[in-house]
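Chemist: Residue strings, one per chain:
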Amino acid sequence: MDKCRPRGIALKTELEQNCSGKDKACLCLRQGSRDRTEKPATANGGRMDLFKKTLDPVIALAAIAVLDIFLFLLVGSWTVGGGETMMTGLAAEAVLGDDIDRLPFWSLVFQPDWGYWKIYISLGMLFGAFVAAVLSKEFYLRMPRRLGEWVMITIGGLLMGFGIRLAFICNVSTFFGITPEVNFGGYLAISGIIAGAWVGSLIYKRILEG
Amino acid sequence: MSPVGECIVAFVFGTVVGVLVQRSRFCNTAALRDAMLFNSYRNTKALLVAMIILTIGFTTFISIGEGHTMHFDVGLNTVAGLFLFGIGMVLAGACTVSTWVKTGEGNIGALWALIFTFVGMFLFSLIWSWNFWPPAPASMTGKINVEALQLGFSNAATLQEKLGIPAIVFGLVQAGVLLLIYRAILKKEAAQQARHKAAQEERARKKAAPASDNAAEPVAEPAQ
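Same order as they appear, the protein sequences are chains A and B. One point on numbering: in my numbering, the residue at position 69 of the first sequence is 69, and numbering is uninterrupted. One point on numbering: in my numbering, the residue at position 5 of the second sequence is 5, and numbering is uninterrupted.
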């Protein structure tokens, strides 16, 4: 059905004029005209649709993949964990002051630096999601209700942060960074993440059921 | 590119990603969890499509010596770390991307997960400062290092250099495998749909009343 959606009024009339009957586009057109509830997506309507309907994740991710290729050429592939670590370092520096020198991690592995580009990917995602949510009237404060959820989120967050640092990569670098570079570490990483998600799912299921 | 330019490019990229992920409700956690728990592949398919495009794109540019590949050794810590991460992301119900996106939507739970991700990273920095494992990127050799449980470093660029085979060849092989997985999922979905249709018809036949309209959706999408 998706393939048969009329793409524009100009195209539609053109097709009607040239319609020979057995053409695939003609079949699509007839199907489209039968379905009266479906409005033809004009250029303007299409833009507004982004903030009305849910976007197909396949389309969204294909677009992100193309952009990620450009980012890969300019600075490096999409990653989140590195930026988060740098933010942790900056926060730790702000809280601890000079005491941070007692932790060699923050001088040997990550030196707190505001000019680290990966931070701004995360901030951009926060900003973009906020704008999109406001424009589509989906922004509202929501909170986990039960204490159990808070506990699960807390443990989950701790495991995520610890895991990212132990592995040196996050899930985004795994799926959108090193694996597409045919890095063999990517296969190791994916095996780890799938095994972890499976164990996590078993725990999650047990909590949901009892 | 200047550091400021890099930050601006990163911010613009992040913003577009934020909009697209918010509008499509894509979630990497759901891509793995829903496939395992609910046999629902909405996000898994998107993840595979993105990986196919990226594999071909990255290896094409690696073939001509362009692009910034990631350089760090992998080893036991990679598997162990992402295993912990995998458990964590299912419990928190969000991965690194969706914690930021959901926080942007006003989800306090996601913000809480994000804060504790930072706490987890800080805890790791305490442990690292005591045992210095895994080795810092600066001290990585790129070779197998049994003592530090490191397997070294190898990707399409190093393979191209060592074997003389263009990186794109490896990329096409990998993309082919991903495509096979994608097609297997489509097949499974078609089978699911056929089963549901059969069940629906069966129910309609048993009840003389008109068919219930709630059976139209093949798989109930779990709330995210």
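Any given hint could turn out to be false.
Among chain A residues calculated to face chain B with C-beta under 8 Å, some are [said to hold, decoys possible]: (1) T88; (2) L90; (3) E93; (4) A94; (5) P104; (6) L147; (7) G148.
Restraint ranges, calculated between C-beta atoms of paired labels, are given here [stated by the list, open to error]: (8) A:I203 x B:P3: 41 to 47 Å; (9) A:L50 x B:V146: 48 to 54 Å; (10) A:T54 x B:V169: 37 to 43 Å.
Chain B is faced by these chain A residues, among others (derived, beta-carbon under 8 Å) [as the list claims (entries may be wrong)]: (11) A65; (12) G97; (13) L126; (14) F139; (15) M152; (16) N171; (17) F184; (18) G185.
Everything labelled a hint here was simulated from the structure, so no lab data went into it. All C-beta atoms, glycine included, are put in the ideal place defined by N, C-alpha and C.
Chemist: Against this structure, judge whether each hint is valid.
Modeler: Consistency of the hints with the structure:
1. T88: 4 Å, holds
2. L90: Status violated, d = 10 Å.
3. E93: The hint is violated - E93 of chain A has no Cβ within 8 Å of chain B, the shortest such distance being about 11 Å.
4. A94: At about 12 Å, which exceeds the 8 Å cut-off, the nearest Cβ of chain B leaves the hint on A94 of chain A violated.
5. P104: 5 Å, holds
6. L147: Status violated, d = 12 Å.
7. G148: 11 Å, violated
8. A:I203 x B:P3: 41 to 47 Å: 42 Å, holds
9. A:L50 x B:V146: 48 to 54 Å: At roughly 52 Å between Cβ atoms, V146 of chain B and L50 of chain A fall inside 48 to 54 Å, so the hint holds.
10. A:T54 x B:V169: 37 to 43 Å: Cβ of T54 of chain A to Cβ of V169 of chain B: about 38 Å, so the range 37 to 43 Å holds.
11. A65: 4 Å, holds
12. G97: 15 Å, violated
13. L126: 5 Å, holds
14. F139: Holds: closest Cβ of chain B sits about 5 Å from F139 of chain A, inside 8 Å.
15. M152: 5 Å, holds
16. N171: With Cβ-Cβ at 5 Å, under 8 Å, it holds.
17. F184: 5 Å, holds
18. G185: Since chain B brings a Cβ to about 3 Å from G185 of chain A, closer than 8 Å, the hint holds.
Violation of the numbered hints given earlier is confined to hints 2, 3, 4, 6, 7, 12; the remaining hints are satisfied by the structure.
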